[in-house]
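Trainee: Here the structure of chain R is known, so what remains is to put chain W in place on it, guided by the hints.
Just so you know, the sequences run in chain order R and W. Okay, so the first sequence: first residue is 1 according to the working numbering, each after it adds one. Okay, so the second sequence: first residue is 1 according to the working numbering, each after it adds one.
Treat the hints as calculated values from the structure; they're not laboratory data. Worth double-checking, as some hints may not be accurate.
[Said to hold, decoys possible] Label-pair restraints from in silico Cβ distances: (1) W:H113 / R:L4: 53 to 59 angstroms; (2) W:F58 / R:E219: 47 to 53 angstroms; (3) R:I201 / W:F37: 48 to 54 angstroms; (4) W:V100 / R:K3: 46 to 52 angstroms.
[Unchecked claim] Below, in silico cross-link-like pairs of lysine-lysine (PhoX-like), each with a Cα-Cα straight-line distance of 25 angstroms or less: (5) R:K307 / W:K174; (6) W:K124 / W:K4; (7) R:K432 / R:K228; (8) W:K44 / R:K447; (9) W:K21 / R:K447; (10) W:K174 / W:K21; (11) W:K44 / W:K21; (12) R:K229 / R:K212; (13) R:K438 / R:K228; (14) R:K212 / R:K432; (15) W:K130 / W:K4; (16) R:K347 / W:K87.
Just so it is clear, CB atoms sit at the ideal spot from N, CA and C, and this is done for glycine as well.
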Amino acid sequence: MYKLSKNIKSVALIFVVLGIIGLVIGFTTGPHSIEDVKAIEAAHDSHGGGHEVEATQDVGHDAHGQESHGGHDAHGSNEHYEHILHQYHNKPWAAIYVAAFFFFMIALGTLAFYAIQHAAQAGWSPLLFRVMEGITAYLLPGGIIMFVLLALSATHFNHLFVWADHDVVDPTSSTYDAIIAGKHSWLNAGWFLVRAAIFLIGWNLYRHFSRKYSLKQDEEPAGNVWYKKNFKISAIFLVFFIYTESMMSWDWIMSFDPHWFSTLFGWYVFASMFVSGITVIALVTIVLKSQGYLEQVNNSHIHDLAKFMFGISIFWTYLWFSQFMLIWYSNIPEEVTYFITRINDFKLPFFGMVAMNFLFPVLVLINTDFKRINWLIVIAGIVILLGHYLDVFNMVMPATVGKSWFIGSAEIGALFLFLGIFIYVVFNALTKSPLEAKGNPLVGESKHFHY
Amino acid sequence: MASKVVHAYYLDDEVLMDAVKALQIKHYHIEEVYTPFPVHGLDKLMGLAHTRLAVCSFLYGLVGLTVAVTMMNFIMINDWPQDIGGKPSFSFLENLPSFVPIMFELTVFFAAHLMVITFYMRSKLWPFKKAENPDERTTDDHFLIEVDANDTDLDLLTAFLSDTGAVEINLKDKAH
Numbered sequence: 001m002y003k004l005s006k007n008i009k010s011v012a013l014i015f016v017v018l019g020i021i022g023l024v025i026g027f028t029t030g031p032h033s034i035e036d037v038k039a040i041e042a043a044h045d046s047h048g049g050g051h052e053v054e055a056t057q058d059v060g061h062d063a064h065g066q067e068s069h070g071g072h073d074a075h076g077s078n079e080h081y082e083h084i085l086h087q088y089h090n091k092p093w094a095a096i097y098v099a100a101f102f103f104f105m106i107a108l109g110t111l112a113f114y115a116i117q118h119a120a121q122a123g124w125s126p127l128l129f130r131v132m133e134g135i136t137a138y139l140l141p142g143g144i145i146m147f148v149l150l151a152l153s154a155t156h157f158n159h160l161f162v163w164a165d166h167d168v169v170d171p172t173s174s175t176y177d178a179i180i181a182g183k184h185s186w187l188n189a190g191w192f193l194v195r196a197a198i199f200l201i202g203w204n205l206y207r208h209f210s211r212k213y214s215l216k217q218d219e220e221p222a223g224n225v226w227y228k229k230n231f232k233i234s235a236i237f238l239v240f241f242i243y244t245e246s247m248m249s250w251d252w253i254m255s256f257d258p259h260w261f262s263t264l265f266g267w268y269v270f271a272s273m274f275v276s277g278i279t280v281i282a283l284v285t286i287v288l289k290s291q292g293y294l295e296q297v298n299n300s301h302i303h304d305l306a307k308f309m310f311g312i313s314i315f316w317t318y319l320w321f322s323q324f325m326l327i328w329y330s331n332i333p334e335e336v337t338y339f340i341t342r343i344n345d346f347k348l349p350f351f352g353m354v355a356m357n358f359l360f361p362v363l364v365l366i367n368t369d370f371k372r373i374n375w376l377i378v379i380a381g382i383v384i385l386l387g388h389y390l391d392v393f394n395m396v397m398p399a400t401v402g403k404s405w406f407i408g409s410a411e412i413g414a415l416f417l418f419l420g421i422f423i424y425v426v427f428n429a430l431t432k433s434p435l436e437a438k439g440n441p442l443v444g445e446s447k448h449f450h451y
Numbered sequence: 001m002a003s004k005v006v007h008a009y010y011l012d013d014e015v016l017m018d019a020v021k022a023l024q025i026k027h028y029h030i031e032e033v034y035t036p037f038p039v040h041g042l043d044k045l046m047g048l049a050h051t052r053l054a055v056c057s058f059l060y061g062l063v064g065l066t067v068a069v070t071m072m073n074f075i076m077i078n079d080w081p082q083d084i085g086g087k088p089s090f091s092f093l094e095n096l097p098s099f100v101p102i103m104f105e106l107t108v109f110f111a112a113h114l115m116v117i118t119f120y121m122r123s124k125l126w127p128f129k130k131a132e133n134p135d136e137r138t139t140d141d142h143f144l145i146e147v148d149a150n151d152t153d154l155d156l157l158t159a160f161l162s163d164t165g166a167v168e169i170n171l172k173d174k175a176h
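Here chain R stands alone, though its shape is the one from the complex (with noise of 0.2 angstroms):
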């Protein structure tokens, strides 16, 4: 049985803490009037800042645009300030989203991984089957979290979804949208809940008799009637969860630019939440392995992780550039804002994290060798961590907060705050059943395992 260490139940705490500190900044400070903000665009004009180029580049603002611009002449009048103070009031929940929606898909895409290996019958991975059971614990907490978000801001408590705005969708206003109201049907707070509620139960039904037959395998392992249970579940999961993971990010993500829409982004956080979920099982086994449990895992286990690390690194890198070379190469106005809006005002952690997502990943993992050397899986896990992390970021902040993003004490501060309930939540769960899964009929196999 594994025990929880006072080491990580500290510096579970320790995040937690600084990230409360740091979101309490994050609201606190930062402009609370149009006066506010006048002073920090001043003090950034006399830096010599490019805003002149603004009104060029506003049609990445589209969906914004109606919102508040309203009209050609916005810059003249206080509406561009007023624009921007809701920048400003958008940043910390939009830093708590990324945050929340990072750490969410981490225990979600592990599931999937976990489904895979019982659909699949996989049989060199059940002695890693307790350490993924641990991450998913996570979706309960980070599902109810992600729902409370949702929650707020589909009902407009914050300004996070344009399409939340009722004044957007009705004919009569001065900022309606043609568009999102012929959206309304689908992006509507009700409907949107409901979803969000479907997604959620069913995800997490899945996880608790997955979890509950895998335990039960080991108290009565003979005829394999848990096994087969969960062979069966899994692939009804793999189904279910194809389609709503879908949905989940055209709800989730996409419905920020509710103007744009790309026929893979399903499939592009899918890549995402896969290669995270399985950089963050190699995470915990090897700190397990390093306190002294898992003796069983050997480094052909590791290496088969640093395998799917490198492969999905390489698989996300695929659907990035399709979804971008396209949309470059046919140039329509109504898709390529997207695109521009990250280019002109998001350079760095846009083509940052190709750099840290394919470039890094791909050279330091492309050696078998290395691929069982744990402190370079370690690296580069987090730099993969951190790459998708930032892919979250781009994902959401261009349409919530626009060119008013920052990395400061808010995204670092949400960050800190759910890195330290995941911690938490995952050894907390391992520390509740005993690491090695003894009864699956294949758990031999996976401790001959060798590459």
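Mentor: Showing chain W alone in chain R's frame:
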């Protein structure tokens, strides 16, 4: 000068692996092992040096990438500037996204083909080459260990080999 070798035949890769281990413990010299398929772990057991084919493949990939970049820069930008996707910038960097698929394909093409050719050359395989395996059955279902028999007691070696599970043991003269 002709030298003597003993050919021991096996029917199973696990038995073969155990036999190789046993022969090494007794310090017999294994000249070569012929198998119908690659046996996992046999290379490590026989102490063969790790292949450097992967390094070659990486370098070939870089060659392919360079060829792709040079070729497209010449064809699409320098020699006959092309208007790509309605963006007549005539700059390699600004048109880079449209070149990426070709860069990828040529990288893979060069890495794969040159690696296979290197492998053939390294294994001394070319068209009309006469097969080196001493017995056709090693291409079907038999495994063969060739043991050096020059300075050993043949009866002892034969007895030892049949103990390890050999189904057939032959003494051969091998011309060098």
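Trainee: For every hint, state whether the structure bears it out.
Mentor: Hint-by-hint comparison with the structure:
1. W:H113 / R:L4: 53 to 59 angstroms: Holds, at about 54 angstroms.
2. W:F58 / R:E219: 47 to 53 angstroms: Cβ of F58 (chain W) to Cβ of E219 (chain R): about 50 angstroms, so the range 47 to 53 angstroms holds.
3. R:I201 / W:F37: 48 to 54 angstroms: This hint holds: roughly 49 angstroms between Cβ atoms.
4. W:V100 / R:K3: 46 to 52 angstroms: holds (50 angstroms)
5. R:K307 / W:K174: violated (44 angstroms)
6. W:K124 / W:K4: Holds: K124 (chain W) and K4 (chain W) sit about 24 angstroms apart, inside 25 angstroms.
7. R:K432 / R:K228: OK: K432 (chain R) and K228 (chain R) at ~23 angstroms, within 25 angstroms.
8. W:K44 / R:K447: holds (20 angstroms)
9. W:K21 / R:K447: The hint holds at about 22 angstroms.
10. W:K174 / W:K21: Between K174 (chain W) and K21 (chain W) the Cα gap is close to 24 angstroms, so the pair holds against 25 angstroms.
11. W:K44 / W:K21: Distance ~11 angstroms between K44 (chain W) and K21 (chain W) Cα, so the pair holds.
12. R:K229 / R:K212: holds (11 angstroms)
13. R:K438 / R:K228: holds (15 angstroms)
14. R:K212 / R:K432: holds (12 angstroms)
15. W:K130 / W:K4: holds (22 angstroms)
16. R:K347 / W:K87: It holds: about 21 angstroms lies between the C-alpha atoms, which stays within 25 angstroms.
Going through the hint list in order, the structure does not satisfy hint 5, though it satisfies all others.
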